[in-house]
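Participant: Read off the chains here:
There are 2 protein chains.
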Amino acid sequence: MASRSTQILEAAARVIARRGVRGLRVEELAEEAGVSTALIYYHFKDRTGILRRTLEFISDRAERYTTQVPQAEPLSPREELEQTLLLELQDTTEVRENSSAWGELRASAVFEEALREDLARATLVWTQDVAALLGRVRPMAPAAALAAAAERLTALTEGLSMRWLSGMLQIAHARTLMSEAIDAEVERLGR
Amino acid sequence: MASRSTQILEAAARVIARRGVRGLRVEELAEEAGVSTALIYYHFKDRTGILRRTLEFISDRAERYTTQVPQAEPLSPREELEQTLLLELQDTTEVRENSSAWGELRASAVFEEALREDLARATLVWTQDVAALLGRVRPMAPAAALAAAAERLTALTEGLSMRWLSGMLQIAHARTLMSEAIDAEVERLGR
Chain A
1 MASRSTQILE AAARVIARRG VRGLRVEELA EEAGVSTALI YYHFKDRTGI
51 LRRTLEFISD RAERYTTQVP QAEPLSPREE LEQTLLLELQ DTTEVRENSS
101 AWGELRASAV FEEALREDLA RATLVWTQDV AALLGRVRPM APAAALAAAA
151 ERLTALTEGL SMRWLSGMLQ IAHARTLMSE AIDAEVERLG R
Chain B
1 MASRSTQILE AAARVIARRG VRGLRVEELA EEAGVSTALI YYHFKDRTGI
51 LRRTLEFISD RAERYTTQVP QAEPLSPREE LEQTLLLELQ DTTEVRENSS
101 AWGELRASAV FEEALREDLA RATLVWTQDV AALLGRVRPM APAAALAAAA
151 ERLTALTEGL SMRWLSGMLQ IAHARTLMSE AIDAEVERLG R
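Just so you know, the protein sequences line up as chains A and B, in that order.
Here the numbering used here is used: the first residue of the first sequence is 1, the next is one more, and so on.
Here the numbering used here is used: the first residue of the second sequence is 1, the next is one more, and so on.
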């Protein structure tokens, strides 16, 4: 069974995905989570505390759904790279909710500085994971080239994801565009 | 001299860039523009009308600052492509304001449908412009490949732009990443 604080974080991700960061009121979150506002303040101190921990929660969840997929046979490095990035572009409730909440938390950082450091760290961890996978596909590529390719692929994932979530792009087409981008980067690193 | 409605749209872009779409109150907009709320309703009917026309206004402005740059000599197609995309990643007040407002309007479309059609149209026009420039660089490339490359390059511009605006990426590095992406796409289209 999920702990009380996990239950609150799951509710926070749902509320942010549904109404945005600026639509998050502690009273509404309490109702969504089925707990008292006092318990929320006890666990998270204030609104910034809630946002920070929700960011951490959705980052962990994304890491789980993009890596812990049971496989019949072990994947090649190239397949693992492709899977990790394409699993961010899936039309499931969990991914849609996670990506909407991530987009909202990032957008809120344009206006307020509170989350910037946490967001930068989460983005760095994700980019380094992708750079490591690229390095297994192209072991001879220099580290700076791997890092740059990983930054582009993760920023493109965010850009395509926003277009999909705002109804401007079909998910199947987003996945095709992403696959081709991976091809282009892997080829470029092999030159 | 700018007309009254242009003056209101300039103020709306400033307010949205500063506080977000959900921070836009008609009273505040009136104060920022130095006009009455009645005049705003007269010109734009309602809040959705304001958002729609602001979207159009910032799209036109982006087209102007990415294309109407005086040149000593005519640019090659490759230079023109690069200039158009890199001019979206400039640390000037106008570009910062325009990109923040664009990001906000797009993010708001995740939660409400009102702007989706207008946003899709503006995105399509931009993507088609970039596809046309790519076609001048690679005249033998098939139309579908040009369109896909243009979708990736514009979505990457949006992704990098959001990271820059939220303080996660230096502008010079964003421009380097973008230049390399253009290289990769142009090479891919030449194969």
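Please note that a few of the clues may not be correct.
To be verified - Going by beta-carbon spacing under 10 Å, a handful of chain A positions derived as facing chain B: (1) Ser-5; (2) Gly-20; (3) Ala-120; (4) Thr-123; (5) Leu-156; (6) Leu-169; (7) Ala-181; (8) Ala-184.
These are calculated hints, taken from the structure and not from any lab test.
Everything numeric in this text was worked out from a predicted model, so none of it was measured.
Ideal Cβ positions, reconstructed from N, Cα and C, are used throughout, including at glycine.
Participant: Compare the structure with each hint and give your call.
Facilitator: Hints, verified against the model:
Hint on Ser-5 (chain A) is violated. Least Cβ distance to chain B is approximately 26 Å, over the 10 Å limit. Given hint, Gly-20 (chain A) at the interface with chain B, holds; its Cβ is 6 Å from that chain's nearest Cβ, closer than 10 Å. The beta carbon of Ala-120 (chain A) is positioned within 10 Å of a beta carbon in chain B (closest approach about 5 Å), and the interface hint is therefore held. Checking Thr-123 (chain A) against chain B by beta carbon gives a least distance of about 6 Å; that is within 10 Å, so the hint holds.
With 10 Å as the threshold, the beta carbon of Leu-156 (chain A) comes within range of chain B, its nearest partner Cβ sitting at about 5 Å, so the hint holds. The criterion of a C-beta within 10 Å of any C-beta in chain B is met by Leu-169 (chain A), whose closest approach is roughly 8 Å, and the hint holds. Using the Cβ-Cβ criterion of 10 Å, the hint placing Ala-181 (chain A) at the interface with chain B is satisfied: the shortest such distance is roughly 6 Å. With a cut of 10 Å, the hint placing Ala-184 (chain A) at the interface with chain B holds, because the nearest CB-to-CB distance is about 5 Å.
Taken one by one, the earlier hints fail for this structure only at number 1.
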